[in-house]
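First to last, the sequence lines map onto chains L and R.
Note that the first sequence covers residues 14 to 100 in our numbering.
Note that the second sequence covers residues 16 to 155 in our numbering.
For the record, the hints were derived by calculation from the structure and aren't laboratory data.
Predicted model only: the values in this text are computed from it and were never measured.
Treat the hints with care, as some may be off.
Simulated DEER-style distance windows between Cβ atoms [unchecked claim]:
| hint | chain 1 | residue 1 | chain 2 | residue 2 | range |
| --- | --- | --- | --- | --- | --- |
| 1 | L | Ser52 | R | Cys154 | 41 to 51 angstroms |
| 2 | R | Lys155 | L | Ser66 | 22 to 32 angstroms |
| 3 | L | Asp27 | R | Arg55 | 18 to 28 angstroms |
| 4 | L | Cys61 | R | Arg56 | 27 to 37 angstroms |
Backbone N, C-alpha and C define an ideal beta-carbon position, used for all residues, glycine too.
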Amino acid sequence: MSSRRTTGGRISEDEINELISKLQSLLPESRRRNMGRASAGKLLKETCSYIKSLKREVEDLSERLAALMSTMETDSPQAEIIRSLLR
Amino acid sequence: MHREALAGNPNPSRHLQALHFLGALARINKLRARKSPPSRRATALGGRRITRAAYAAMAVAAGPRRAWSRAILLGLRRNSIAKPFLIKKRILKPHRELRDVGSRAEEMEFGSLLDETLNYIHHLTAQVGIMQKIADSLCK
Numbered sequence: 014m015s016s017r018r019t020t021g022g023r024i025s026e027d028e029i030n031e032l033i034s035k036l037q038s039l040l041p042e043s044r045r046r047n048m049g050r051a052s053a054g055k056l057l058k059e060t061c062s063y064i065k066s067l068k069r070e071v072e073d074l075s076e077r078l079a080a081l082m083s084t085m086e087t088d089s090p091q092a093e094i095i096r097s098l099l100r
Numbered sequence: 016m017h018r019e020a021l022a023g024n025p026n027p028s029r030h031l032q033a034l035h036f037l038g039a040l041a042r043i044n045k046l047r048a049r050k051s052p053p054s055r056r057a058t059a060l061g062g063r064r065i066t067r068a069a070y071a072a073m074a075v076a077a078g079p080r081r082a083w084s085r086a087i088l089l090g091l092r093r094n095s096i097a098k099p100f101l102i103k104k105r106i107l108k109p110h111r112e113l114r115d116v117g118s119r120a121e122e123m124e125f126g127s128l129l130d131e132t133l134n135y136i137h138h139l140t141a142q143v144g145i146m147q148k149i150a151d152s153l154c155k
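Excised from the complex, chain R in its bound form (with noise of 0.2 angstroms):
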């Protein structure tokens, strides 16, 4: 199914990106499908489930090779097992990937951490374009 889409690809690893994200959209929408109307702190926790489910999908795409992409894939699994109000502090609390990179800087040299930091822009940067491209054509 997505093959031959990522054949000719020159970046296959965006595709993933907004397949995945658009997988958890969907698993999102679903479950809000269920409680209606829509309560607006419905609306709030469907935004930080949004908001995990685009660090997720940056995780993904990277793959387990980056730091950055490591402590986020880690933390995910950890939340699978941990309390629901453990999550928030987890995952939302701004930073927090670079900083479990950071906290590694002594060992992690400089040219390595430039190396994960330019990775990080390109993710934060394509997931920020596959967003607007799904509020656009929401608007439509």
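So here's chain L without its partners, still in its complex pose (with noise of 0.2 angstroms):
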């Protein structure tokens, strides 16, 4: 996702509130809520614990790969689709 820049660095005030609205569109619970403009802090807050969340997914989704990865015998069908993929 890339988000166009103004040349000289500082963004202006509405590309601030383009993004603070892109972010609280994203956040589950204030998408859930369907608030009306939530705070600056409590967007900030919401935003620290949705990214929490979404590392310990990353994590608990590692562990399973792994449980499934060390019951993958090497020449399994699952191990041929990752084999092509890479091809």
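Join these two chains into a complex; the hints should help.
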């Protein structure tokens, strides 16, 4: 996802507002409650916990993949799928 | 090989992220195949290796233009010459990447921080999706 940046470094207030509403639309809780504009503090707090939960998900999935791969034989069809994807 | 697939792709970075992660998984699996049978410790170690591969894939897909991806890429480069027991501390500390970004927050203005955060979340959610799809296909 690329967002256009103003040259010169500083981001305008309009762009900040746009970023804030983009962020708000991503956050699961804000989306559910369909809030009007949340306070910046609340938004940042929710963003932090959302990122934490996403990182936890990555770790849980890593454990799951490790377990799945340990039961995978080297010549199973799944291994072949992965090999063909990488060719 | 990948070029045709990437050409019409509206979201090339996600494609790159998936391919990079799959490559890392294949390498990890090769390492594991050499040491059988798998112990419980080996599985835990594999899980941590896969987590590292996940963040590496995210950083590669995001490229060096982001502060958060630079923090990961530089950390990975440092680790390749660092002692093995340092790896766990460096990469797996939670929020390390954002903290690196945040420690420069005084210099980084609010808008840039929001921008970085949005991009980080974008790649994190992409990574979760990639890993879920792989796990599901391995279950079949």
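Legend entry - Violations among the numbered hints: 3
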